[in-house]
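Chains as they are written, first to last, in our numbering: chain A, 23 to 852; chain B, 73 to 323.
If you're looking for bench data, these hints aren't it; they were derived computationally from the structure. Quantities reported herein were computed from a predicted structural model and do not represent experimental measurements. Take the hints with a grain of salt, since some may be wrong.
[As the list claims (entries may be wrong)] Only pairs whose alpha carbons sit at most 25 Å apart, straight line, appear in this in silico DMTMM-like list of lysine to aspartate or glutamate:
#1 A/631 with B/256
#2 B/124 with A/647
#3 B/183 with A/772
#4 A/727 with B/83
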Amino acid sequence: MKLDILNTVVSRRRFLQATAATGAAAASGLGPVPIAGSAAADAKTAAASKTVITKNVCNQCPARCGIDVYTTDGRVHAIYGSLESPISNGKLCPKGYLGAYLLYDPDRFKGPMKRTNPRKGRNEDPGFVPISWDEALSAVASRLQNLRDKGESHRFALLEGRGWGATDAGLHGTFGKLYGSPNVAIGHSATCADGGKKAKLLLDGNYSYNAYDYANTNYMLVFGASFLEAYRPYNNNLQVWGHIRTKSPKTKVTAVDVHWNTTISAADRALLVKPGTDGALALAIAHVILTEGLWDRNFAGNFNDGANQFKAGETLDPAGFTEKWTKGLIEWWNAELKDRTPKWAAGITTIPEGDIVAVARELATTKPAMALFERGPTAHSNGVYNGMAIHALNALIGSMYAEGGLMNQMGVPYGRLPAKSEDFIDDYAKSDERKRHPRVDLVKKEWLMASNQSQAVAANHLAGNPYKLDTILFYMTAPIYSAPEARKWEEALQTMFVIDTSPFPGEIAMFADLVLPDHTYLERLQDAPIYPFQGWPMTTLRVPAVKPLYDTKVYGDILIEIGKRMKGPMGEYYRALGSTENILKHIAKGFEEKPGDNGVNSFESWQEKGCWYKKPYLWRQVRGEFFEWDGAGYNKPMKPEEVKTKLLKTASGKFEFRSSYVQDNEKYAAYINKALGVPVERVGFPQWIAPQFYGGGDLHFISPKVPLQAEGRAGNLPHATSIAQPVAGGRKTVYLEIHPDTARKRGIADGDRVRIKSSAGSIEAVARLYQGVRPDTVILPNIHGHWAQGRWARQSRLPTGSASEIIVNKSEPISGLAAYYATKVTVERV
Amino acid sequence: MAKWGMVIDLEKCTGCQACTAACAMENSRLPGENWQDVIFFTEGEYPSVQVKWFPRPCMHCEKPSCMYACPTGATYKTSDGVVLVDWDKCIGCKYCMIACPYGARFYTDEKPLAAPDMRKVFRSKDDHSWSPPWRMPDNREDWRRGVGVQPRGVVSKCTFCYHRVSKAPKGTPDLDPSDPAQREFAPACVVACPPNARYFGDLANPNSEVSKMIANKNGVRLLDQLGNKPQVYYLTGSGGAVPTSRSTAKS
Numbered sequence: 023m024k025l026d027i028l029n030t031v032v033s034r035r036r037f038l039q040a041t042a043a044t045g046a047a048a049a050s051g052l053g054p055v056p057i058a059g060s061a062a063a064d065a066k067t068a069a070a071s072k073t074v075i076t077k078n079v080c081n082q083c084p085a086r087c088g089i090d091v092y093t094t095d096g097r098v099h100a101i102y103g104s105l106e107s108p109i110s111n112g113k114l115c116p117k118g119y120l121g122a123y124l125l126y127d128p129d130r131f132k133g134p135m136k137r138t139n140p141r142k143g144r145n146e147d148p149g150f151v152p153i154s155w156d157e158a159l160s161a162v163a164s165r166l167q168n169l170r171d172k173g174e175s176h177r178f179a180l181l182e183g184r185g186w187g188a189t190d191a192g193l194h195g196t197f198g199k200l201y202g203s204p205n206v207a208i209g210h211s212a213t214c215a216d217g218g219k220k221a222k223l224l225l226d227g228n229y230s231y232n233a234y235d236y237a238n239t240n241y242m243l244v245f246g247a248s249f250l251e252a253y254r255p256y257n258n259n260l261q262v263w264g265h266i267r268t269k270s271p272k273t274k275v276t277a278v279d280v281h282w283n284t285t286i287s288a289a290d291r292a293l294l295v296k297p298g299t300d301g302a303l304a305l306a307i308a309h310v311i312l313t314e315g316l317w318d319r320n321f322a323g324n325f326n327d328g329a330n331q332f333k334a335g336e337t338l339d340p341a342g343f344t345e346k347w348t349k350g351l352i353e354w355w356n357a358e359l360k361d362r363t364p365k366w367a368a369g370i371t372t373i374p375e376g377d378i379v380a381v382a383r384e385l386a387t388t389k390p391a392m393a394l395f396e397r398g399p400t401a402h403s404n405g406v407y408n409g410m411a412i413h414a415l416n417a418l419i420g421s422m423y424a425e426g427g428l429m430n431q432m433g434v435p436y437g438r439l440p441a442k443s444e445d446f447i448d449d450y451a452k453s454d455e456r457k458r459h460p461r462v463d464l465v466k467k468e469w470l471m472a473s474n475q476s477q478a479v480a481a482n483h484l485a486g487n488p489y490k491l492d493t494i495l496f497y498m499t500a501p502i503y504s505a506p507e508a509r510k511w512e513e514a515l516q517t518m519f520v521i522d523t524s525p526f527p528g529e530i531a532m533f534a535d536l537v538l539p540d541h542t543y544l545e546r547l548q549d550a551p552i553y554p555f556q557g558w559p560m561t562t563l564r565v566p567a568v569k570p571l572y573d574t575k576v577y578g579d580i581l582i583e584i585g586k587r588m589k590g591p592m593g594e595y596y597r598a599l600g601s602t603e604n605i606l607k608h609i610a611k612g613f614e615e616k617p618g619d620n621g622v623n624s625f626e627s628w629q630e631k632g633c634w635y636k637k638p639y640l641w642r643q644v645r646g647e648f649f650e651w652d653g654a655g656y657n658k659p660m661k662p663e664e665v666k667t668k669l670l671k672t673a674s675g676k677f678e679f680r681s682s683y684v685q686d687n688e689k690y691a692a693y694i695n696k697a698l699g700v701p702v703e704r705v706g707f708p709q710w711i712a713p714q715f716y717g718g719g720d721l722h723f724i725s726p727k728v729p730l731q732a733e734g735r736a737g738n739l740p741h742a743t744s745i746a747q748p749v750a751g752g753r754k755t756v757y758l759e760i761h762p763d764t765a766r767k768r769g770i771a772d773g774d775r776v777r778i779k780s781s782a783g784s785i786e787a788v789a790r791l792y793q794g795v796r797p798d799t800v801i802l803p804n805i806h807g808h809w810a811q812g813r814w815a816r817q818s819r820l821p822t823g824s825a826s827e828i829i830v831n832k833s834e835p836i837s838g839l840a841a842y843y844a845t846k847v848t849v850e851r852v
Numbered sequence: 073m074a075k076w077g078m079v080i081d082l083e084k085c086t087g088c089q090a091c092t093a094a095c096a097m098e099n100s101r102l103p104g105e106n107w108q109d110v111i112f113f114t115e116g117e118y119p120s121v122q123v124k125w126f127p128r129p130c131m132h133c134e135k136p137s138c139m140y141a142c143p144t145g146a147t148y149k150t151s152d153g154v155v156l157v158d159w160d161k162c163i164g165c166k167y168c169m170i171a172c173p174y175g176a177r178f179y180t181d182e183k184p185l186a187a188p189d190m191r192k193v194f195r196s197k198d199d200h201s202w203s204p205p206w207r208m209p210d211n212r213e214d215w216r217r218g219v220g221v222q223p224r225g226v227v228s229k230c231t232f233c234y235h236r237v238s239k240a241p242k243g244t245p246d247l248d249p250s251d252p253a254q255r256e257f258a259p260a261c262v263v264a265c266p267p268n269a270r271y272f273g274d275l276a277n278p279n280s281e282v283s284k285m286i287a288n289k290n291g292v293r294l295l296d297q298l299g300n301k302p303q304v305y306y307l308t309g310s311g312g313a314v315p316t317s318r319s320t321a322k323s
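Bound-form chain B, shown alone:
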């Protein structure tokens, strides 16, 4: 069974936020509730200033603290290594949002970033939080996997575009969006990334490109000391910046 994971090369990342915008489109996200965010920060004093950016999807941890915190079993790890939320089981208690060290989870009652509230402009008549005219095709919605227009009263998060990834032929080592045969299975942010800073593949396969890149380029994981063991690795090259990371000996 695959263990899907992502590699993000920070030396290539230009901070353009195409990942954020594509994710929002693919997953019918509300404005500003970015499953895939790019966080900007500045350091230093003029004229030695650094502006940095850090792309942050859900880490799909091997040991997801959100899953352990979930009282109903709504958050779970799939056999192919993806952390999902079952919206039919989620009670919206938000414990997982507190437990997640990466700030990767979203609830629907947050104040809209831009008024008027898009949920009122494109009002839903059912349990969906809204009904945008560009929403994903109805048959792709899969509430047991947290895929679709987010319903009211539940927590949501990046699914690694499970509605795409899960359709990849078994045994595929990497989902390369430049290959027309694999393109439709790769996560939206990976398809989107203009400088090709994102790679997606099977971490359990030592012959996958992602595994090789992590090995060759010393892939590191965000906040590794916490022991969550993210399945998203960052390559720092000479141009990137990962906030404090330290490997842990714990298995």
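For reference, chain A alone in the conformation it holds in the complex:
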């Protein structure tokens, strides 16, 4: 079997271009020969060499670490964290150093290509032939125009993965609006971390991840967040760790997970929780905090007579308690918490009662403290309620907006775009006919409350429900590898016109009809505002370190160039927009009025420093009072309505233990009732509902993210693969972690090849007997199992496929988050 996708498709012109750009096309075996050890040669090259440092932003995770790219004699040879970036502070996680290998990946696409083999499949050679950019862009534009002319523009979908900023994902909404498709773009957030965001929206009114003041916290309770492996911003988390673990007083850490990972090993206390039951643990912690009278009275208020009346099993009169910045505490207690004793939780979570009580006391009596979580608790059928139970702890201990607590992220004052999109929407795009077509992922229909449901697209298309797609474009995402029941995509993509924009070969490209390769990040000019970090606003910029090695085009310009080729006002809009560089120059004008702390006040200074930021975060809660920064300190008291507008954005302006967002919305309450069986009168409370498990097996199957995952490309990076540790990683592959007792019962020995099977399918992997995993759980990080990425990734290696191939495609109903950790499998020796 020959897979020509991996063969270099290079026209002579491109070959010359590449060699001229790099001075050495290593893959072709040419290159200057260094004569080392010779003083004369040393002197000669020393005279000719000049090292240039350009600012860029790491691409290997969403953290936006500023990097210094070292280029000498036209070749990038080093990348270090930029001292000028407040996220990287001169440091990088291990993924940061992989950048040059990605740039010089010999398997990169060398230019736009089209497919010549009409048959599509894992083993079908696409038969790519090089085409010109003009031909490629015109092909897309005429295809889209044609759909539009037929009134079928909704049949074009754009699937978006890691978006960076105004010049890539930031262009999508407008493109969809002008073109007239509700499917531009369907984000990847429902296969990412929407569960946590939704839990926070319900309780504090902010649909976003939190910013955290780690440096000043004295206690961290971490639920399934892989803080020292993958939690964003990973690099800064590692820096934080060095600080908090050696400061005075030392920050104590309790970590909750299902196996011994780095985080749990480095923590002071490990709590090995039964998968999907983190919510029960959090509720019991809340129960102890209340019954023992340890809650933060400044933030949550107190009983009118000052005496603690929380007693297990006993309901209370809400009138006897006056709340301050929370709402619904007694109602929550009566409806849920009064029965959530440590003993009850121990039976569900398998965590000993004594540990639950100890953690509750530590969390509530150590100030400041915080509870944080991510996909461990939320990628389950009960994920949003698990997340709510955990996040509610932050209100009970008064850490919302407090020093050493949680905040939200402020936005960046970008300047205006060169054109106003509203002026360019034509009658077609505005028509009622356009509004008739739902999104192909059925968000807002079947998924009433979700933002995205990209994992539903393949099945919906195949079923023609709500309709069949005609054309699909992928940007920085590959559900064919990463979405639950990934193999469904292989079927679906056979009957769509597929456009891939990755610079690298991969599983999507195997099914692509057109490949329009993006630059790699070290070749891009691109902005990237940060994810929630420390609250104050910040944005970053990528400055190309080298000219593009090949005939590639930055993704934003691909989209703009397609837009320009569209008829009517849409084409006019993109001609007015010009290019991504033009956009960047316009948005940088926002810095003229608001110069950054580092002096950045223009496009030029932004390029020089690589980031704009303005400290501090403007608001703080101090012992139950909110203050705004007045230039010298948090001195200006805030009125309740200001707190509501700027911070606690719920209907009440309070942290709501009884979420009005769902409780006071009949449609939402009915939806949750139907989807999860929660009685409508209690949908708003953080509460325990038992998780559902799928797949028909007897072992929980968990696929965590590991440190060297490198945004999906680690499989083709031998430098990453060879050092990937721990626990199941290590030296060429990842292993299926299985407890020795569990293995023995199945006749499995260490190193055996095993089959992991669910109702969705089966893959094979190497078993590693490991004491550090729950006996009812097996662990397989989703990093290998690629089958079309490049010459290293496609080596016959175990596992035989992506963990996603055997994960049943069920999603948490409120957030739409894929219930990645809710599949149960059987494991047997092959």
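Could you slot chain B onto chain A? The hints should help.
Only chain B this time, still in chain A's reference frame:
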């Protein structure tokens, strides 16, 4: 003259392997042939399991057993305390690899960890074992000090990034990578370390930060009983683990 040494605070180390990855990049290392490795090991039984990690560069011993074992004098100790290999003198006999108690040395004929072999993908036409497009600038190569893309047929090891460290102004007590003036002289792993677990400085200067840390925090050396007297010290705080170590009275 300086006596360069390193301090690694195991209480801060998160086992992230940024040191390993940065070293590989800076020194054009082949995948998996890690001059700077982090070794993971697990102990105990569920539910009382320990996962531990131990960062291990070359120890740049005061009394390097590798140097004494070398028949050609290729391995030597510099006047500023660094153990280097002169690739022009090394005959690849590997005696040093056996003599080193820390497993810190590498030869080029080892089977590649990831196929296809990167040495074949980025083939060298000269004596270098390979020629990656991201290799260090040509003028930094220094075979007499074991710096550069490893040639065929020789042994290599961590140089404390001698091409950086040796350029530091004379008399510098510590090479602090958070100081822009010193950053380019600090070893890659020290620049890289996100939790700031690594410190690099002059052990011969009692006023250097590294000397003070060793004194204040009871720095210990790996396998000290062997008498190699490593110039890499570990701080164990309450979070670290050093495999059996015992101080020796021998000078």
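Pair hint outcome, residue 727 of chain A versus residue 83 of chain B [Cα-Cα no greater than 25 Å]: holds (24 Å)
Taking only the CA atoms, is the gap from residue 631 of chain A to residue 256 of chain B under or equal to 25 Å? Measuring from Cα to Cα gives roughly 18 Å; hence the hint holds.
Do the alpha carbons of residue 124 of chain B and residue 647 of chain A lie within 25 Å of each other, as the hint requires? Not satisfied, since the Cα-Cα distance of roughly 43 Å exceeds 25 Å.
Is the hinted pair residue 183 of chain B and residue 772 of chain A satisfied, with a Cα-Cα distance of at most 25 Å? Answer holds: residue 183 of chain B to residue 772 of chain A is near 23 Å, not above 25 Å.
When the structure is compared with the earlier hints, a violation turns up for hint 2 alone.
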